[in-house]
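Chains as they are written, first to last, in this note's numbering: chain A, 1 to 394; chain B, 1 to 372.
Keep in mind the hints are simulated off the structure, nothing from the lab.
There may be inaccurate statements among the hints.
Derived DSBU-like pairs (lysine-lysine); straight-line CA-CA distance at most 30 Å [unchecked claim]:
| id | chain 1 | residue 1 | chain 2 | residue 2 |
| --- | --- | --- | --- | --- |
| 1 | B | Lys17 | A | Lys310 |
| 2 | B | Lys254 | A | Lys390 |
| 3 | A | Lys310 | A | Lys390 |
| 4 | A | Lys289 | B | Lys346 |
| 5 | B | Lys7 | A | Lys310 |
| 6 | A | Lys289 | B | Lys343 |
| 7 | A | Lys85 | A | Lys50 |
| 8 | A | Lys113 | A | Lys51 |
| 9 | A | Lys313 | B | Lys343 |
| 10 | B | Lys297 | A | Lys72 |
| 11 | A | Lys11 | B | Lys297 |
| 12 | A | Lys146 | A | Lys186 |
| 13 | A | Lys356 | A | Lys235 |
| 14 | B | Lys343 | B | Lys17 |
| 15 | B | Lys10 | B | Lys346 |
| 16 | A | Lys85 | B | Lys7 |
| 17 | B | Lys254 | A | Lys184 |
It should be emphasised that the depicted structure is a prediction, and the values quoted were computed from it without experimental measurement.
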Amino acid sequence: MDLNLSPEEEKFRDECRAWLAANVPEPFAGKGLNEEENAEVVDYLKAWQKKVFDGGWAGISWPKAYGGRGAKLIEQAIFQEEWAKADAPMLINVLGLSLIGPTIIAVGTEAQKQRFLPKILSGEEIWCQGFSEPNAGSDVAGLGTKAIRDGDDFIINGQKIWTSLAHVSDWCLLLVRTDFEAPKHKGITALLVDMHSAGVAVRPLRQMTGDSGFNEVFFSNVRVPVANVLGEINKGWHTAIATLMNERANLGAGVYVGIKRALDALIERSHHINRGGRPSAQDPVIRQKIAQAYLELEIFKLNSNRALSKMSKSAVPGPEGSILKIFWSELNQRVQQTAMEALGTYGQLQDFDEGKWVYGYLRSRGNTIEAGTSEIQRNIVAERVLGLPKSYQS
Amino acid sequence: MDFDLSKPQKLLQESAKTFFSRECSPERVRELMATETAHDEALWRAMADQGWTGLIVPEAYGGLGLGLVELAVVVEEMGRANLPGAFISTLWAAALMERAGSEAQKAEYLDAISAGELKATVALLEASADWHPAAVQLRAEVEGQGYRLNGRKEFVTDAAIADVILVAARTSGGLIILVVKKDSAGVTITETPAMDATRKLYTVEFQEAHIEAALTNKVKDALEYSMGVAAIALSAEMLGGMQWTLDTTVEYAKTRLQFGRPIGTYQAVQHHCADMLLMTESSRSAVYYAAYALSEKDSMARHAVSIAKAYCSDAAREVGNLGIQCHGGIGFTWEHNLHLYYKRAKSSEIMLGDATYHREELARLVIDRAAD
Ligand SMILES: Cc1cc2nc3c(=O)[nH]c(=O)nc-3n(C[C@H](O)[C@H](O)[C@H](O)COP(=O)(O)OP(=O)(O)OC[C@H]3O[C@@H](n4cnc5c(N)ncnc54)[C@H](O)[C@@H]3O)c2cc1C
Numbered sequence: 001m002d003l004n005l006s007p008e009e010e011k012f013r014d015e016c017r018a019w020l021a022a023n024v025p026e027p028f029a030g031k032g033l034n035e036e037e038n039a040e041v042v043d044y045l046k047a048w049q050k051k052v053f054d055g056g057w058a059g060i061s062w063p064k065a066y067g068g069r070g071a072k073l074i075e076q077a078i079f080q081e082e083w084a085k086a087d088a089p090m091l092i093n094v095l096g097l098s099l100i101g102p103t104i105i106a107v108g109t110e111a112q113k114q115r116f117l118p119k120i121l122s123g124e125e126i127w128c129q130g131f132s133e134p135n136a137g138s139d140v141a142g143l144g145t146k147a148i149r150d151g152d153d154f155i156i157n158g159q160k161i162w163t164s165l166a167h168v169s170d171w172c173l174l175l176v177r178t179d180f181e182a183p184k185h186k187g188i189t190a191l192l193v194d195m196h197s198a199g200v201a202v203r204p205l206r207q208m209t210g211d212s213g214f215n216e217v218f219f220s221n222v223r224v225p226v227a228n229v230l231g232e233i234n235k236g237w238h239t240a241i242a243t244l245m246n247e248r249a250n251l252g253a254g255v256y257v258g259i260k261r262a263l264d265a266l267i268e269r270s271h272h273i274n275r276g277g278r279p280s281a282q283d284p285v286i287r288q289k290i291a292q293a294y295l296e297l298e299i300f301k302l303n304s305n306r307a308l309s310k311m312s313k314s315a316v317p318g319p320e321g322s323i324l325k326i327f328w329s330e331l332n333q334r335v336q337q338t339a340m341e342a343l344g345t346y347g348q349l350q351d352f353d354e355g356k357w358v359y360g361y362l363r364s365r366g367n368t369i370e371a372g373t374s375e376i377q378r379n380i381v382a383e384r385v386l387g388l389p390k391s392y393q394s
Numbered sequence: 001m002d003f004d005l006s007k008p009q010k011l012l013q014e015s016a017k018t019f020f021s022r023e024c025s026p027e028r029v030r031e032l033m034a035t036e037t038a039h040d041e042a043l044w045r046a047m048a049d050q051g052w053t054g055l056i057v058p059e060a061y062g063g064l065g066l067g068l069v070e071l072a073v074v075v076e077e078m079g080r081a082n083l084p085g086a087f088i089s090t091l092w093a094a095a096l097m098e099r100a101g102s103e104a105q106k107a108e109y110l111d112a113i114s115a116g117e118l119k120a121t122v123a124l125l126e127a128s129a130d131w132h133p134a135a136v137q138l139r140a141e142v143e144g145q146g147y148r149l150n151g152r153k154e155f156v157t158d159a160a161i162a163d164v165i166l167v168a169a170r171t172s173g174g175l176i177i178l179v180v181k182k183d184s185a186g187v188t189i190t191e192t193p194a195m196d197a198t199r200k201l202y203t204v205e206f207q208e209a210h211i212e213a214a215l216t217n218k219v220k221d222a223l224e225y226s227m228g229v230a231a232i233a234l235s236a237e238m239l240g241g242m243q244w245t246l247d248t249t250v251e252y253a254k255t256r257l258q259f260g261r262p263i264g265t266y267q268a269v270q271h272h273c274a275d276m277l278l279m280t281e282s283s284r285s286a287v288y289y290a291a292y293a294l295s296e297k298d299s300m301a302r303h304a305v306s307i308a309k310a311y312c313s314d315a316a317r318e319v320g321n322l323g324i325q326c327h328g329g330i331g332f333t334w335e336h337n338l339h340l341y342y343k344r345a346k347s348s349e350i351m352l353g354d355a356t357y358h359r360e361e362l363a364r365l366v367i368d369r370a371a372d
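Extracted from the complex, chain B is given alone in its bound form (with noise of 0.2 Å):
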């Protein structure tokens, strides 16, 4: 047992890091949040010749085909750097495509999304809000080769760059993902601005929509897994956006002074920041663990997951709460970059169930199970 990551994954973690401060800087981040979809082809071409599109995707799909530590460990430096865009919706899309499709389906879409030719997401929610695939109510029904869609998705990341709409839908033979493409007749993608302006939100309606595919391969099993795949990312993702607050912070607590001497004497301020610390390398645990239970099949890899998503999804806005108040002033505007991280750790917090959803999922297995 070796809890620490090996060679090859620090100096993936080395080129990851040094790729996003040099590809992604604030002033970038700014720009792109500014624009309508928040992505940024020429960085999403770079990103895929890096082999980061595909990276968990099978080698004979054209991915890579690393684990989901490696997986995490370049998560984390897109956190750091903020990056935004459709990388975990696209992520997310390719693990459901991995394991609910056809073998036709996975040559034709896993291998464009590692070649960074195609982005994707999927829309799962409803308007009731509850991440659990059995909410789903969306009724898809049979029409010739194909099936009709009346209805609507809520809460879909990215629906407007995604060339590809995996939609949870139900037949009267149970779940379904419909493969929908851009620009499919019938189809409506409407923008809800949402305090996170760097992965932006989208209503998608269907009105007598005709779907051609589908994917239906154990499908609640697929489901389960690639939501236990983004919600890794999306921890990841914290961990690193925690780790940039931290050290802004830190930096910030040695040189601005008050009363005469560096805040970060203070202990009030040093309490504030030893805590950011016991949240980011706590959380830094629980990723690297529940990234390596998922990858390797272990009987703990669904605690593994609540575990990492319901501390993470405390602990980045914690840490950016405290984050905030040891810059004073400064922290609240506009012009420090504090409040991007802060707005993106409220998205992700809130992606694929908060701390609220995941420690009810662990009281299903850790207090139920107990009685049974």
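One chain only, chain A, in its complex shape (with noise of 0.2 Å):
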């Protein structure tokens, strides 16, 4: 064991630590950094995804060929945690990073890594996810949308819900039905679809944070190449699997530096604000859950880079990755019931801090239902981690 950043490793922290210091540009002015509607919002985060690609910081652990770094998984890790001290604005395309750009280097073909990977870390074509469907949700292969196949293309109908981003997005990564006697899990295949395709329909849907993170996609007739399925027909599942755990892992690394963030904030808000009569930071109960809340994200970010240490010798995510998405979804909304409690009466005002506490509140109560509810990533830890009986047929 050795957690000492080797030499290369000091030199890399001390580059990015320059380059953000250099680049981390002002704090979006005005309300809403949250609201990804805001068409303000996006260009500017847009801009700053740009900026990064263009220094050589998107996608540090992506090979080079695709506008990757071809660094290690380590340095990727040194880059966020970098990235939370210089409190630099979130990556807009968070999902192509997350989730389907890994998802296109492990199973694309070599055609699609050129031609998609580039612009995924550029931001130039922001990404969503469709997957779920109203009636697929945990039990996502149960999914009924349809491609059938006509000549060089398929022809997809159906609808998608809660796709977060889709009212921005250019990409889709698309789960659909293309073999219907089949079982469930066999006759899926997951598709690239560009969002400005003739019969895509977006419409928002409002969370209970007020704003509309999230979508209806409806598909009419909806033509995609066939060159455009990822991994093989009918084994879709398998690609769907790469990205769920993609998800789980990798999610992750950048909720650190929004929880870390908030919680740096939080500390600095509590000497100023009363609560009882004295500043919060000095009532022994409120020092005990912000103690708390500092500790277990600590011992978050510990847990993910052992989970890096395991995955840069192993290559690929396993469903160890299910304990982090517990960690760190519960760990949030903790953080965020803290926060509420130190502000007191303050925290519940919408004009207070613009809003970010309310919002924050909010928002994470979604986060153990996103990215695979905590119950089901509790039977994946029980059953393939600790390899207790299915509880059900999948």
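Reassemble the complex: the two chains are provided individually, in unrelated frames, and hints are given to aid placement.
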């Protein structure tokens, strides 16, 4: 075990630190960095991602040939940590970067890699993940969106739901049913779908936060070239598993940055907000809760780094990623609740700190649902990590 | 950076695991529990033969001179076997001696500890039950070449088996550590029976006791360092106990049938097991990071120690709770070994500060510091 950075890793850290110090933009002026439907926010975030890409910092562990840096996973983690310290804005193409890109790298054709990966990194093409349907959520393999072969195309009909970022996306990794007779896992195909195709309609759904981070997406007679199959026809479940494993393992890295930022802001605030007649920071119960949030967040980072060390040897994320997913989603909920308590009567105000505490608190409820619910993650840990018998036929 | 045990560390882990499963069976633990001191001299000597009583003692004093990561590796296995006796007490004392002792004292005591010829403990707490060394009030009056001592120490682990008790006391010049040898005149040791019978607690009372020697070198730093070492060891021990409880519970869930199916098919049970794994693995991250940080004198070492002790203290108890729950009635019996681990977890949770104590330490580091 050696947690020291090697000389190259240290050099790398210094380089990222210097680059971030020189390039992190002024915070977005005005309200609603969370409101991804706001065109100005989208432009601001896209410009930032382009800058990151041009600087050579997007896709640190991705192959150089596709615009990545060809560095190790550990360097990716180092960069994330510097990112948090520099208080840099998030990258808007988060689904492309964390789950869809890695899936294309794992199962895509050479032509697909060359065509799609660089633009995922530069943010020129934003991606969404079209898995869930109204009747297929946790049991996503039960999906019904149809694809019928017509020459060199598939023709798609059906509906997706809860599709994050679809309203700003250029492309979608879509799961469709291509064999209607086969058992449910064996008739699925994964397609790379141009969201600007004729017949794609996106309808924003309002979340409990009040803004529209996700959507319904309708497909009516949408043509998709067979060349855009990711993986093999009727073996889309294999592709989907690669995506889901990456989702569980990778999403957390960005999450650490977000929670760290919230916690630092909370600690700073706690000295200036009164609760019961004294600064929150002096309330022994609040101190306990903030300290608990701090220590759990650090442990989450340590868990992530251990998983990375393991992954850099085995190359693929395993079912242990579910532990990370459970950890960060429930941690964020506790942190947001701690913030509400520490801020006392002020936390509930929409105009206090641009409403970020209200938003953060409400948004965290989605964390234990998106990317696989906590119940499903615990099923996975119990059955695939601990080897307990299956509780149901999946 | 590589957050994984190295090959030699894995070999050490294997040999410790084999050693303790052979030398420290649950039956042996039960026998020792019922003795006055829970100490097994033959087992202690066998551990010394492996070099483990001097695992982190510098080679110059007969130790193996290994780091705290290696220590955690071995102590985790002790925890898995629920090893009774004075290992952590002696470890704490050795680390304190190494930092606060003179060359001559180190040569005398550390060599003997490494050789397995000497067991020791530290007497810090008083009736105030405050783990901060600043709370020490016991006065040591200078008397001739040594000190005169009147008063008492509480919650001293393994005092009755210790050949030497290192006693924190106050003189007009500040904190010192008195070296109290076994059977010194004016020293009375009384057991205070506690929940965990595998690591006994004592009151140590001094009445006109004359103590010749003291450790006086940077006592405050030495106490902080040695308490860090002992807190890491306690956390590693709790981790081993959690791993045993998890493994035992998963095994049971696969084989115990109710309603015609293994109870492990029921999600209520599955999810308890998943949570036990999450807490065990998170404890592992925290323990090894803390061991590493303190070994490497990392600037985050104090944070890391409190993170590990706070997290493991809560997690060990909760893993125990879930383990008992998943076993049903058998888990509540004296006959099942679960309660041995459960009680040890409580003892380790409390010793050197529970989660509440260490969260307040962290609050001082991360909340108060942010203010200045
Ligand atoms: C903020 C947000 C963003 C999202 N973004 C996307 C996206 O970009 N793309 C996308 O495809 N999807 C997205 N989703 C959808 C998400 O993946 C699903 O909501 C999730 O998988 C649950 O499916 P469901 O909503 O149909 O709930 P259901 O599957 O109906 O679950 C309802 C309840 O039943 C429980 N349950 C279901 N099956 C089991 C079982 N076998 N054992 C135990 N409990 C069970 C669940 O845990 C849950 O508590 C998003 C969701 C949210 C909240």
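- Numbers of the earlier hints that this structure fails to satisfy, in rising order: Numbers 9, 13 and 16, in rising order.
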